[in-house]
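Colleague: Chain residues, written in single-letter form:
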Amino acid sequence: MTIEFLFEPSTRGAPAREGASRLPARAGLGLKPQHFTEILATRPDLGFFEIHAENYLVAGGPFHHYLSRIRDRYPLSIHGVGLSIGAEGPLDVGHLDRLAALLDRYQPQSFSEHLAWSTHGGTFFNDLLPLPYDQATLSRVCNHIDQAQEHLQRRMLLENPATYVEFAASELDEAAFITEIVRRTGCGLLLDVNNAHVSGVNHRRDPQAYIAALPLAEVGEIHLAGFAEDRDAAGAPLLIDTHGSSVAAAVWDLYAFALERLGPTPTLIERDNNIPPLVVLIAEARCAERWIESVRRDRAEVAA
Amino acid sequence: MSDQRIFAAALLDPDAPCPAGLTAWNGSDPIQRFAVYRNNVIVSLIDALAETFPVTQELVGEEFFRAMAGVFARAAPPKSALLAKYGQGFPAFIERFKPARGVPYLADVARLEMLRVRAFHAADADPLPPDQISQALADSERLPALRVTCHPSLGVLSSRYAVVSLWAAHQGLGDLARVEPGVPETALVARVGLEVQVVALPPGGDALVASFLRGLTFGEAAALAASAAAEFDLTANLALLLRYGVLTDLRLPAEVSP
Numbered sequence: 001m002t003i004e005f006l007f008e009p010s011t012r013g014a015p016a017r018e019g020a021s022r023l024p025a026r027a028g029l030g031l032k033p034q035h036f037t038e039i040l041a042t043r044p045d046l047g048f049f050e051i052h053a054e055n056y057l058v059a060g061g062p063f064h065h066y067l068s069r070i071r072d073r074y075p076l077s078i079h080g081v082g083l084s085i086g087a088e089g090p091l092d093v094g095h096l097d098r099l100a101a102l103l104d105r106y107q108p109q110s111f112s113e114h115l116a117w118s119t120h121g122g123t124f125f126n127d128l129l130p131l132p133y134d135q136a137t138l139s140r141v142c143n144h145i146d147q148a149q150e151h152l153q154r155r156m157l158l159e160n161p162a163t164y165v166e167f168a169a170s171e172l173d174e175a176a177f178i179t180e181i182v183r184r185t186g187c188g189l190l191l192d193v194n195n196a197h198v199s200g201v202n203h204r205r206d207p208q209a210y211i212a213a214l215p216l217a218e219v220g221e222i223h224l225a226g227f228a229e230d231r232d233a234a235g236a237p238l239l240i241d242t243h244g245s246s247v248a249a250a251v252w253d254l255y256a257f258a259l260e261r262l263g264p265t266p267t268l269i270e271r272d273n274n275i276p277p278l279v280v281l282i283a284e285a286r287c288a289e290r291w292i293e294s295v296r297r298d299r300a301e302v303a304a
Numbered sequence: 001m002s003d004q005r006i007f008a009a010a011l012l013d014p015d016a017p018c019p020a021g022l023t024a025w026n027g028s029d030p031i032q033r034f035a036v037y038r039n040n041v042i043v044s045l046i047d048a049l050a051e052t053f054p055v056t057q058e059l060v061g062e063e064f065f066r067a068m069a070g071v072f073a074r075a076a077p078p079k080s081a082l083l084a085k086y087g088q089g090f091p092a093f094i095e096r097f098k099p100a101r102g103v104p105y106l107a108d109v110a111r112l113e114m115l116r117v118r119a120f121h122a123a124d125a126d127p128l129p130p131d132q133i134s135q136a137l138a139d140s141e142r143l144p145a146l147r148v149t150c151h152p153s154l155g156v157l158s159s160r161y162a163v164v165s166l167w168a169a170h171q172g173l174g175d176l177a178r179v180e181p182g183v184p185e186t187a188l189v190a191r192v193g194l195e196v197q198v199v200a201l202p203p204g205g206d207a208l209v210a211s212f213l214r215g216l217t218f219g220e221a222a223a224l225a226a227s228a229a230a231e232f233d234l235t236a237n238l239a240l241l242l243r244y245g246v247l248t249d250l251r252l253p254a255e256v257s258p
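Just so you know, the protein sequences line up as chains A and B, in that order.
The opening residue of the first sequence carries number 1 in my numbering; numbering runs sequentially from there.
The opening residue of the second sequence carries number 1 in my numbering; numbering runs sequentially from there.
Think of the hints as simulated: they come from the structure by calculation, not from any bench.
Virtual Cβ for every residue (Gly too), placed ideally from N, Cα, C.
Treat the hints with care, since some could be wrong.
[As the list claims (entries may be wrong)] Pairs of lysine to aspartate or glutamate, EDC-like flavour, derived with a Cα cap of 16 Å: (1) B:Lys79 <-> A:Asp92; (2) A:Lys32 <-> B:Glu51; (3) A:Lys32 <-> A:Asp272; (4) B:Lys85 <-> B:Glu62; (5) B:Lys85 <-> B:Asp47.
[As the list claims (entries may be wrong)] Listing some non-contacts, in silico: residues in chain A with all C-beta distances to chain B over 10 Å: (6) Asn143; (7) Glu166; (8) Ala250.
[As the list claims (entries may be wrong)] Not the full set, but computed from the structure, chain A residues with beta-carbon under 7 Å of chain B: (9) His65; (10) Glu88; (11) Gly122; (12) Phe124; (13) Phe167; (14) Ala233.
With the hints as constraints, model all of the structure from the sequences given.
Modeller: See below:
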């Protein structure tokens, strides 16, 4: 199946994907406060920056000062980590209002959130917690995405999760569950290739088959990140989605596999822990851009 | 109990059993996999507190701080996804936390650090232009009736301890060995441009600012400050407030916009 896709790249992807996001099909970086002034002083040649929405739901001060200046010069992706779309309880309308104001202020080219929950009973757990893939969860998640897209007046991208457990109650596999969400809500997909790899190892499923089974025409952005390694109770490898190291070789390979199917796609290098100097992250972004360029060239040749 | 309620409760309680219904492909005990979530939650909350309270951490050491922050995070997890606000209850918790009693000023240093984070993210406002200030100060008849608006970042902390000197010594400003922790200090915290500043207010400064914030007139505030502190020096206090751009408006009550 892989071989067949490899020889038919131009038949998949690009045309249907316009509208999934308006980010340029280039590499971008997560915006970190320690890099604010260097970015403005050196204006690195990057496709876009991405912020975590919740860090900027503050009234004023340096975060808005620098973000507005960086926004003037770069496309922006706003990535939510606190909406808790998978929560059993209702969405926090106050949080949606604050997100709407942030989106209105910065007019980002993309807004995305996670297939996960992080809030229950008024407590915020600051982690992306897993969901059973059953009908009740499916309809609840779809209702929440409908509500968010309505409230924010825009199409959002939903990110596939990195998970460490599975649920006995699951009725669908993850790719089928996500496919059904995208079909019902019209949301786009943020394909986190690192999460696909991490979950693939953690649940012994084939990450290539997983990616191939997703609604790739709706992918508006890709995430790449690093993980840490642990073991489960039986000694099997358990990968942890830490965003604390550089992108692993296996994830670059899986990224190449995904890009061949997607065509050139906006790609974020995600780094939230052990943040290195900006130049190190720019070098990783360049690496992603070489892959994007190579896929662009291949497609041009096939088309010619 | 709902599934997420059980899951949520078990995240914060290390002694709770693993939630039912979790599986692993290899049939291994899911408790070790569930522990990843437990660890993510508690470590990320401790990290958030460590970011807000760096001097508090330096005062007691990383190991003690992280243990104390973990007890707090389990007892009082965040109520909002806006983590910049997380930790408002931490200073009061430290005050009651028996193992920290050996450092009696710890809670006040934590209060100061919380005010700094609050000031960092507070709304923007322009300080009063110098010509308007000198005009207002020159008109001694009108001055007492004026009402003061302060910068949204402004915070004041009156401490029984040398909270400003202790904090400053941990910024490389001054010698920690020479700080007398038992000397009371009042901290003024305000953002000047993009930088949060911390400075000691002269006697009566806390009463003066508190009166401004309550909406009292300039004259009423000055009188209250004078009765609160015998050594109150209006000029010294005002000079400091102006230097740190704390006053954003000065006008007669009738002129105050609704």
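Colleague: Hint by hint, say whether it matches the structure.
Modeller: Verification of the supplied hints:
1. B:Lys79 <-> A:Asp92: Within the cut-off at roughly 12 Å; holds.
2. A:Lys32 <-> B:Glu51: holds, 14 Å
3. A:Lys32 <-> A:Asp272: Cα-Cα ~8 Å, so holds.
4. B:Lys85 <-> B:Glu62: The hint is violated at about 21 Å.
5. B:Lys85 <-> B:Asp47: At roughly 14 Å apart (the allowed maximum being 16 Å), Asp47 of chain B and Lys85 of chain B satisfy the hint.
6. Asn143: holds, 16 Å
7. Glu166: Non-interface label fails for Glu166 of chain A: nearest chain B Cβ at 5 Å, not farther than 10 Å.
8. Ala250: Given that every Cβ of chain B is farther than 10 Å from that of Ala250 of chain A, nearest at about 18 Å, it holds.
9. His65: It holds, given that the least Cβ distance between His65 of chain A and chain B is near 6 Å, below 7 Å.
10. Glu88: Result: holds, 5 Å to nearest chain B Cβ.
11. Gly122: At 6 Å from the nearest chain B Cβ, Gly122 of chain A passes the 7 Å test, so the hint holds.
12. Phe124: With Cβ-Cβ at 4 Å, under 7 Å, it holds.
13. Phe167: holds, 6 Å
14. Ala233: Holds: closest Cβ of chain B sits about 4 Å from Ala233 of chain A, inside 7 Å.
Figure legend: structure checked against the earlier numbered hints; hints not met, in rising order: 4, 7.
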